Every structure is written in C-alpha cells, then in structure tokens.
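Engineer: Chains as they are written, first to last, in my numbering: chain S, 1 to 66; chain H, 1 to 66; chain G, 1 to 66; chain R, 1 to 66; chain Z, 1 to 66; chain X, 1 to 66.
There may be inaccurate statements among the hints.
Said to hold, decoys possible - Below, a list of computed lysine-lysine pairs in the DSS-like style, where the Cα atoms sit at most 25 Å apart: (1) Z:10 x Z:22; (2) G:35 x Z:62; (3) G:35 x R:22.
Derived from the structure by calculation, the hints contain no laboratory data. Values in this document were obtained by computation on a predicted structure and should not be read as measured data.
Number of protein chains: 6
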Amino acid sequence: MPVVTVQMWKGRTTDQKRELAKAITDAMVEHANAKPDGLHVIFQEYELQDWARAGVLGVDRKDEKP
Amino acid sequence: MPVVTVQMWKGRTTDQKRELAKAITDAMVEHANAKPDGLHVIFQEYELQDWARAGVLGVDRKDEKP
Amino acid sequence: MPVVTVQMWKGRTTDQKRELAKAITDAMVEHANAKPDGLHVIFQEYELQDWARAGVLGVDRKDEKP
Amino acid sequence: MPVVTVQMWKGRTTDQKRELAKAITDAMVEHANAKPDGLHVIFQEYELQDWARAGVLGVDRKDEKP
Amino acid sequence: MPVVTVQMWKGRTTDQKRELAKAITDAMVEHANAKPDGLHVIFQEYELQDWARAGVLGVDRKDEKP
Amino acid sequence: MPVVTVQMWKGRTTDQKRELAKAITDAMVEHANAKPDGLHVIFQEYELQDWARAGVLGVDRKDEKP
Numbered sequence: 001m002p003v004v005t006v007q008m009w010k011g012r013t014t015d016q017k018r019e020l021a022k023a024i025t026d027a028m029v030e031h032a033n034a035k036p037d038g039l040h041v042i043f044q045e046y047e048l049q050d051w052a053r054a055g056v057l058g059v060d061r062k063d064e065k066p
Numbered sequence: 001m002p003v004v005t006v007q008m009w010k011g012r013t014t015d016q017k018r019e020l021a022k023a024i025t026d027a028m029v030e031h032a033n034a035k036p037d038g039l040h041v042i043f044q045e046y047e048l049q050d051w052a053r054a055g056v057l058g059v060d061r062k063d064e065k066p
Numbered sequence: 001m002p003v004v005t006v007q008m009w010k011g012r013t014t015d016q017k018r019e020l021a022k023a024i025t026d027a028m029v030e031h032a033n034a035k036p037d038g039l040h041v042i043f044q045e046y047e048l049q050d051w052a053r054a055g056v057l058g059v060d061r062k063d064e065k066p
Numbered sequence: 001m002p003v004v005t006v007q008m009w010k011g012r013t014t015d016q017k018r019e020l021a022k023a024i025t026d027a028m029v030e031h032a033n034a035k036p037d038g039l040h041v042i043f044q045e046y047e048l049q050d051w052a053r054a055g056v057l058g059v060d061r062k063d064e065k066p
Numbered sequence: 001m002p003v004v005t006v007q008m009w010k011g012r013t014t015d016q017k018r019e020l021a022k023a024i025t026d027a028m029v030e031h032a033n034a035k036p037d038g039l040h041v042i043f044q045e046y047e048l049q050d051w052a053r054a055g056v057l058g059v060d061r062k063d064e065k066p
Numbered sequence: 001m002p003v004v005t006v007q008m009w010k011g012r013t014t015d016q017k018r019e020l021a022k023a024i025t026d027a028m029v030e031h032a033n034a035k036p037d038g039l040h041v042i043f044q045e046y047e048l049q050d051w052a053r054a055g056v057l058g059v060d061r062k063d064e065k066p
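Take these sequences, add in the hints, and give me the full structure.
Structural biologist: Spelled out as structure tokens, the structure:
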C-alpha cells in the first residue's frame, strides 16, 4: 500500500500514463511518506457513454472530450 | 461530488444509461440535497465470466442474463 | 448484482438513505431491467478533509457543506 | 453482501476464475460467517500499461507477467 | 498486485480478518498464480444503515446481522 | 471527472492531505490534460487490521507503520 486509482476518459497514451504514475508516486512519497515498493497506481478508463455529470452522459455533452 | 458507481452486466444500451443517469441524479438531488453540477454517475459493465454469486460465475448460472 | 455505490459527504440521516436506496433501486429496475433480489446499494460517507475538488479539500471550500 | 472484488492482470482463464470464485466464497463462509446467497465475487482485469508499482508501469517492468 | 477488496458488515474480529486474509491469499496463489509479495487484501466494513439489498437497508431487514 | 482515489493507512494530517490533493491535481492537469473543475481526489484511510500484504495484516507486520 497505498493504492491510488485513477478513473478518467479513455484516450491517454501509455507514455502519458507512465508520466502520471511517476508524478503521483512522487507526490505520495513526498507528502504522505509512502514507501514506493508497495505503492500501486491503477488506471481505469471510461468511454463517453459510461460517465455522466449533472445527469448528462459524456457522449451528450459538448464540453467533454476523451 | 457525490460519485455514484453502477456495476452491472454488460449489455445496456446508451439510451438505457442515459435514462439511468438522469433517474439516479434526480434521486440524489431529491433525497440527498446533492448539487447536480458536481454529481457524477459512472457505469462499469461486466462479462458473465467476471461476476460470481454464491460461488458460481454468471456464465454457469441459468438465471443470469446480461 | 448489480451493485450501486454512493460516495457522498457525511451527514445524511438513515431516513434519507432509506429513501435513496428505494429510489435508486426503482431506477435500476425500471431502466436497466435489474432484478431487485440481487441488487445492492452501498453508501460510503466522507469527511470534509477527505475529498478535494479542483485541488482544494472540502474543509477549505466555502461552497461545500456536509 | 458481502462483495469481494479481485483486481489482477488480464489473462486468467474462465476456469481459473471459476476456481477462484469458489475458493474465495468458501473462505468467506468459513471465516466470516457469510451466507453464500448474497455473496458476490467480481473480477476486474488490467492491462500491463494500466497498473504501476513503485512508479513503474507493468509494461516497463521485467518481473511482471500477465 | 493483485488487490482483493472485501466489503462486509462491521463486526468481524481481527482474528477473523487474519484468517480471511490468509485464506484469500492462498486462493490467489493457488488458482491465479499470484505472487504473495505484491498481493494486498483490504477490508471495508459497513454499518447496517449503509447497505441495502432489494431496496431495503440492512437496519430494516430481519434476516441481516452484522 | 477524473476521480482519483487514494487508499492509505490512517494517520495523515489534514495538511498532508491538502498538499497531496494539490500535487495529484497538478499531475493530472500536466500529464493527462484534465480540467481541474471536475477533478476529484478522495482519501480512504485504513486501520492496520484492515489491510494485509502477502497474507499478513498490517497489525502483524513489523515493517508497517500508519
């Protein structure tokens, strides 16, 4: 532990995830004294029809992009 | 916030999700005083081999349908 | 199944949760053809210091109330 | 309830999940007095680029295999 | 990884969790070829008013006990 | 969206969470093009008896501290 789960729109590249995993791990080590060895970062990606805000699916919103 | 996560069998149409997102959002506003702007509804869909009840996978149950 | 998880600020009464559970269950039955018997609704409540939006904890925001 | 969620690398067969679901359900009944009827086991599978340990994605680690 | 999350009623003793963690870890090693070192088991406990089945909170059901 | 959930041992101060929420939000904006307004960071804290690694509860490990 810890485990950090990132839920976001589909579409980030592996390289973006690589940078995110590093930056989030660094933040956890710096601000929460986490030991990197047991620290997990998990990415869950969602399609636009699988996430709604204010009752409106991403696929129906004009301001949302993957 | 709040965030409402719905885990269910794969197979609902985008239109069903649209209606669900609206109905759940309305329920949260009416019964929990939630403000819609920050209210998220997330759908996670599962295959029949990825969910067991009473120790039996959906793919092995006769009463389960997607 | 399905399982619906509601994450929200701490402070709703048991009666509000009772109404929410009913309304969300009804929505799942009506719009997703869910069978009520296996349908679970789970509430997770959070303190104001345990949820941030736009990088700011609830405890530091003036527009957030439990 | 209860609900047991298993997050793991992609690649287990349906038969492995079948054995896992049985074994986990048995463990819950034996050690937690759970009733099997309402006991759910959910599998979530992840690609190697969607899980990092110690800040390094599975796809970049030599000791990780699906 | 993997991460196994157990959501259940409040009330199990530390000793029951100790046995559960061992049994679930053994099941993951035997049936999913998991390596124990990175294998996490997380317990989340819920009050009777925070979990509903079939639209009825645990606190209102006669067949549910912690 | 996105939603970032941090699961860790109990014991961080509100100030540590404040710094973590900022740093994780910055990482999401920089590396994932996330818009801060809809970006949530959620903290879940666990007691030592509620998290096992390698089949051993935190309360039984000598190398784990909150």
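Engineer: Which hints from the list above does the structure break, by number from lowest to highest?
Structural biologist: none
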